[in-house]
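Engineer: Chain by chain, the residues:
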Amino acid sequence: MTLTEIIWMACAFIFGGTAVWGLSWSVRAGQLDDLNGAATSIFDDDEPVGLRTDGFPTGQVEKFR
Amino acid sequence: MSSANSPGRSESQFSGQVETGEGHDVQGLHAPIMREKADPRDGFEPIPPWMAGIFGIVVFMGGMYLQRYSGDFRADIYEERRPAIGASAKKDQKPVDPIAVGKRLYATQGCVSCHQANGMGQAGAIPPVAKSEWVAGSAARLSRILLQGLQGDVKVLDQTYNGNMPAFGTKLKDEQIAAVLTYLRQEWGNQAEAITTESIAAAREATKDHSNAWNAGELMAITSEDKVAAPVEKPAQRAKP
Amino acid sequence: MSLVTRPPDRRVSIDASTRLPVLVFFTSAVFWLVTGSFLAILASIKMHTPGFLASTSWLTFGRVRPAHLNAVAYGWASMAGIGVLLWLMARLSRAELRYPWLLAVAGGIWNVGILLGIVGILSGQSSGIEWLEFPPYVPPILVAAYAIVGVWAVVTFRDRREKHVYVSQWYLFGAIFWFPWLYTVTNLLMVYQPITGVTQASVNWWYGHNALGLWFTPIGLAAAYYLIPKVIGRPIHSYYLSILGFWALALFYNWNGAHHLIGGPVPAWLVTVSSVASGMMIIPVGAVAINHHMTMWGYFHVLKYSPTLRFIVFGSMCYTAVSLQGMSQSFRTLNQVTHFTHYTVAHAHLGLYGFFSMVMFGCIYYIMPRLTGWEWASSRMIKIHFWTTALGIGSYWTILTWGGLMQGIELNDSDLPFMTIMKRTIPYLWSRTFSGVLMTTGHLVFAALFAMNLLHLGERRTEPTLLGDNDDNVATESAQAPPVLGSSH
Numbered sequence: 007m008t009l010t011e012i013i014w015m016a017c018a019f020i021f022g023g024t025a026v027w028g029l030s031w032s033v034r035a036g037q038l039d040d041l042n043g044a045a046t047s048i049f050d051d052d053e054p055v056g057l058r059t060d061g062f063p064t065g066q067v068e069k070f071r
Numbered sequence: 189m190s191s192a193n194s195p196g197r198s199e200s201q202f203s204g205q206v207e208t209g210e211g212h213d214v215q216g217l218h219a220p221i222m223r224e225k226a227d228p229r230d231g232f233e234p235i236p237p238w239m240a241g242i243f244g245i246v247v248f249m250g251g252m253y254l255q256r257y258s259g260d261f262r263a264d265i266y267e268e269r270r271p272a273i274g275a276s277a278k279k280d281q282k283p284v285d286p287i288a289v290g291k292r293l294y295a296t297q298g299c300v301s302c303h304q305a306n307g308m309g310q311a312g313a314i315p316p317v318a319k320s321e322w323v324a325g326s327a328a329r330l331s332r333i334l335l336q337g338l339q340g341d342v343k344v345l346d347q348t349y350n351g352n353m354p355a356f357g358t359k360l361k362d363e364q365i366a367a368v369l370t371y372l373r374q375e376w377g378n379q380a381e382a383i384t385t386e387s388i389a390a391a392r393e394a395t396k397d398h399s400n401a402w403n404a405g406e407l408m409a410i411t412s413e414d415k416v417a418a419p420v421e422k423p424a425q426r427a428k429p
Numbered sequence: 005m006s007l008v009t010r011p012p013d014r015r016v017s018i019d020a021s022t023r024l025p026v027l028v029f030f031t032s033a034v035f036w037l038v039t040g041s042f043l044a045i046l047a048s049i050k051m052h053t054p055g056f057l058a059s060t061s062w063l064t065f066g067r068v069r070p071a072h073l074n075a076v077a078y079g080w081a082s083m084a085g086i087g088v089l090l091w092l093m094a095r096l097s098r099a100e101l102r103y104p105w106l107l108a109v110a111g112g113i114w115n116v117g118i119l120l121g122i123v124g125i126l127s128g129q130s131s132g133i134e135w136l137e138f139p140p141y142v143p144p145i146l147v148a149a150y151a152i153v154g155v156w157a158v159v160t161f162r163d164r165r166e167k168h169v170y171v172s173q174w175y176l177f178g179a180i181f182w183f184p185w186l187y188t189v190t191n192l193l194m195v196y197q198p199i200t201g202v203t204q205a206s207v208n209w210w211y212g213h214n215a216l217g218l219w220f221t222p223i224g225l226a227a228a229y230y231l232i233p234k235v236i237g238r239p240i241h242s243y244y245l246s247i248l249g250f251w252a253l254a255l256f257y258n259w260n261g262a263h264h265l266i267g268g269p270v271p272a273w274l275v276t277v278s279s280v281a282s283g284m285m286i287i288p289v290g291a292v293a294i295n296h297h298m299t300m301w302g303y304f305h306v307l308k309y310s311p312t313l314r315f316i317v318f319g320s321m322c323y324t325a326v327s328l329q330g331m332s333q334s335f336r337t338l339n340q341v342t343h344f345t346h347y348t349v350a351h352a353h354l355g356l357y358g359f360f361s362m363v364m365f366g367c368i369y370y371i372m373p374r375l376t377g378w379e380w381a382s383s384r385m386i387k388i389h390f391w392t393t394a395l396g397i398g399s400y401w402t403i404l405t406w407g408g409l410m411q412g413i414e415l416n417d418s419d420l421p422f423m424t425i426m427k428r429t430i431p432y433l434w435s436r437t438f439s440g441v442l443m444t445t446g447h448l449v450f451a452a453l454f455a456m457n458l459l460h461l462g463e464r465r466t467e468p469t470l471l472g473d474n475d476d477n478v479a480t481e482s483a484q485a486p487p488v489l490g491s492s493h
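Protein sequence lines, in the order shown, are assigned to chains A, B and C. If you're matching positions, the first sequence starts at 7 in my numbering and goes up one per residue. If you're matching positions, the second sequence starts at 189 in my numbering and goes up one per residue. If you're matching positions, the third sequence starts at 5 in my numbering and goes up one per residue.
Among the hints, a few may not be true.
Said to hold, decoys possible - Computed beta-carbon distance windows for the label pairs:
{"#": "1", "chain 1": "B", "residue 1": "300", "chain 2": "A", "residue 2": "16", "range": "54 to 62 Å"}
{"#": "2", "chain 1": "C", "residue 1": "59", "chain 2": "A", "residue 2": "13", "range": "22 to 30 Å"}
{"#": "3", "chain 1": "C", "residue 1": "456", "chain 2": "B", "residue 2": "269", "range": "18 to 26 Å"}
{"#": "4", "chain 1": "B", "residue 1": "346", "chain 2": "C", "residue 2": "201", "range": "28 to 36 Å"}
Unchecked claim - According to the in silico footprint, chain A covers these stretches of chain C (three or more CB under 8 Å from chain A):
{"#": "5", "segment": "230–236"}
{"#": "6", "segment": "307–313"}
Hint data in this document are derived by calculation from the structure and do not stem from the laboratory. For clarity, every value in this text was computed on a predicted model and none was experimentally measured. We treat Cβ as the ideally placed atom computed from N, Cα and C, and that holds for glycine.
Can you make the complete structure from the sequences, with help from the hints?
Structural biologist: Put into structure tokens, the structure is as follows:
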């Protein structure tokens with residue numbers, strides 16, 4: 007095996023390892039414990055579940071303009 | 189698993205009134221808040237069973253395909269339909285059509301540039317191969333013309349030609365010479381017997397000391413065909429796996 | 005528990021923090037989209053009328069086609085994708101972008117790279133490697149610009165105030181880490197330290213296929229996973245399925261490239277593994293398709309009103325279609341017919357245009373008013389944009405798929421002369437030019453709308469521009485619940 011091959015293989019293992027680490031982190035960090043809460047994490051009191059958001063309530067834009 | 193059945197997705201929880209623009213009734217407005225009081229649940233829609241079934245089938249078929257067409261994961265196997273090791277390698281091979289091979293050789297080896305696509309040659313220089321008595325006649329003479337070439341005057345169909353037929357003996361293999369000659373003998377209305385690879389091999393053996401081109405006189409002196417030695421031996425071996 | 009009540013968000017200030025870089029990326033993307041469209045029409049015309057503008061070396065087919073590919077892939081798609089990526093990452097992390105001007109500089113550098121690259125290709129310096137035609141001095145520029153984007157996306161993530169990592173963020177992380185790996189490795193192996201032999205072809209297609217699957221696809225899906233629920237106000241059907249889909253994509257997609265080499269002189273196992281992995285793609289694709297469909301279930305009427313939703317749902321449907329089609333193409337039986345025909349071209353456009361570009365259009369319709377504080381000028385123009393592009397890609401795909409199939413069947417018939425087959429494809433190629441003109445019309449309308457939004461031209465609107473409107477009768481169906489919920493409880 008040439009040095010180049012070893013380097014590339016090492017890179018590939020590091021890369022694959024990162025993915026494995028990512029998955030195991032998500033389990034350890036409890037990312038997969040509450041899947042229902044997870045699905046609603048993009049909503050909040052300003053834009054709650056049930057609120058359609060296409061188009062922008064222009065009033066809010068005014069706040070920062 | 190349909191959306192209406194699960195507590196988290198039921199119409200009364202959210203959706204409905206707010207979206208349709210029919211008015212913001214109490215139920216609709218409070219939906220997100222009421223949602224908090226929903227029963228605790230495991231928190232995921234399971235995969236629909238039919239979908240899990242499809243996934244299973246795909247994984248299974250993938251495994252089958254991988255096992256069957258991976259060529260033992262060897263770097264030197266390029267053909268996924270390679271027969272298993274130990275099986276007869278020739279079993280699936282179709283017999284080669286000598287006419288097709290000959291046709292291609294005639295077009296690619298330079299024959300066509302002198303003898304023409306219609307096999308009529310060129311007046312005075314290149315004798316025709318279509319209807320030619322040399323082509324349809326003695327296989328021994330014809331083989332020698334191709335193997336070592338032909339020089340000097342030659343009379344074909346009562347016309348005299350003086351060209352220079354190059355030797356192909358070192359360029360083409362026996363089966364290629366047999367194929368192109370068979371093609372000549374069965375194209376343009378010619379209807380002579382096919383020429384076998386074995387007879388070319390025999391001619392090559394018989395003329396191995398003759399390195400120069402032939403002339404017409406020498407060829408006319410040959411009256412017997414080449415003796416083909418044990419032509420059936422090879423196919424017989426092949427038949428037994 | 006199911007719903008954590010989140011305090012009213014700093015969404016407005018977060019959006020504001022992304023304004024400069026995202027607008028830089030979007031504006032450049034739209035510019036390259038229009039440029040790329042004209043290059044596309046030029047290339048398409050040359051397919052049936054080879055003499056068209058052929059006397060100028062800069063405009064010969066061999067230069068115009070790769071210029072088109074690179075303009076739309078790295079100019080339009082990547083820049084729109086990065087814009088969406090930055091905006092989504094900030095929003096989902098609920099954190100403001102720090103030093104947004106730095107990202108705007110990255111956008112500038114990226115533009116310089118694309119400009120040099122396109123001019124380089126047109127002047128005849130193409131590297132000749134498919135998907136990497138930019139001359140060798142361009143990739144370092146793009147990598148430098150990308151490094152800023154990638155690092156900044158991670159920095160933003162580290163600043164996050166939202167504990168949960170939403171599925172869109174997983175997809176974004178996929179794109180953020182996969183793209184530099186793909187791009188640098190392939191450039192090193194193909195351009196700077198070229199490997200030899202068939203390995204070159206394998207690496208080339210590893211990149212060519214993954215650029216779509218591990219760079220564009222994750223960004224497109226991240227956007228769809230965020231915006232579909234967000235627009236209709238309903239969480240995704242199954243979060244579990246979405247995570248499964250992400251990891252299945254991560255596991256299987258990378259193997260797919262070698263199915264471009266079916267019939268080529270590569271070891272059989274490489275192609276077989278690739279075909280199997282392509283078949284396995286049914287898992288991530290099925291997961292996404294079911295999830296999006298079930299989320300939309302009961303809400304399809306919203307498509308009538310929401311420009312964003314209409315483009316994104318169209319894109320999602322194309323994603324399912326293109327993935328299933330790609331799967332079928334990865335099997336040797338069909339590939340023997342379709343390889344080297346227009347069928348493949350139709351497939352590629354369904355992926356990068358029907359899916360990715362349409363999703364990007366949808367995103368831009370959602371994001372722009374939030375950044376500029378100006379609603380879209382005309383719902384009629386949005387409708388024209390949608391129908392020209394949707395019908396354009398629809399007819400493009402249908403015509404070339406059928407034409408390519410015929411072409412492939414004829415090419416496998418050794419009795420038919422090559423020229424006869426070529427001549428029979430000409431009507432299809434004319435139709436392709438027609439479809440291209442249709443799509444380009446849409447792009448010009450879109451570019452005009454975009455410019456009007458950017459420059460605050462047109463009538464001032466107080467309500468969002470929805471498709472159900474007449475332009476004279478603004479926002480009859482605003483459908484916005486007043487945001488009183490958080491404050492009243």
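Engineer: Look at each hint and say if it fits the structure.
Structural biologist: Status of each hint after checking the structure:
1. Restraint check, residue 300(B) to residue 16(A): a C-beta distance of roughly 57 Å satisfies the suggested window 54 to 62 Å.
2. About 48 Å separates the C-beta atoms of residue 59(C) and residue 13(A), a value inconsistent with the hinted range of 22 to 30 Å.
3. For residue 456(C) paired with residue 269(B), a C-beta distance near 60 Å fails the hint of 18 to 26 Å.
4. Checked against the given bound of 28 to 36 Å, the beta carbons of residue 346(B) and residue 201(C), roughly 58 Å apart, lie outside it.
5. Here's how the segment 230–236 of chain C fares: 5 of its residues keep a CB closer than 8 Å to some CB of chain A, so the rule of at least three is met and the hint holds.
6. Coverage of the segment 307–313 of chain C by chain A holds in this model, with 5 residues showing a Cβ closer than 8 Å to a Cβ of that chain against a need of three.
The structure fails hints 2, 3, 4 (numbered hints given earlier, in ascending order).
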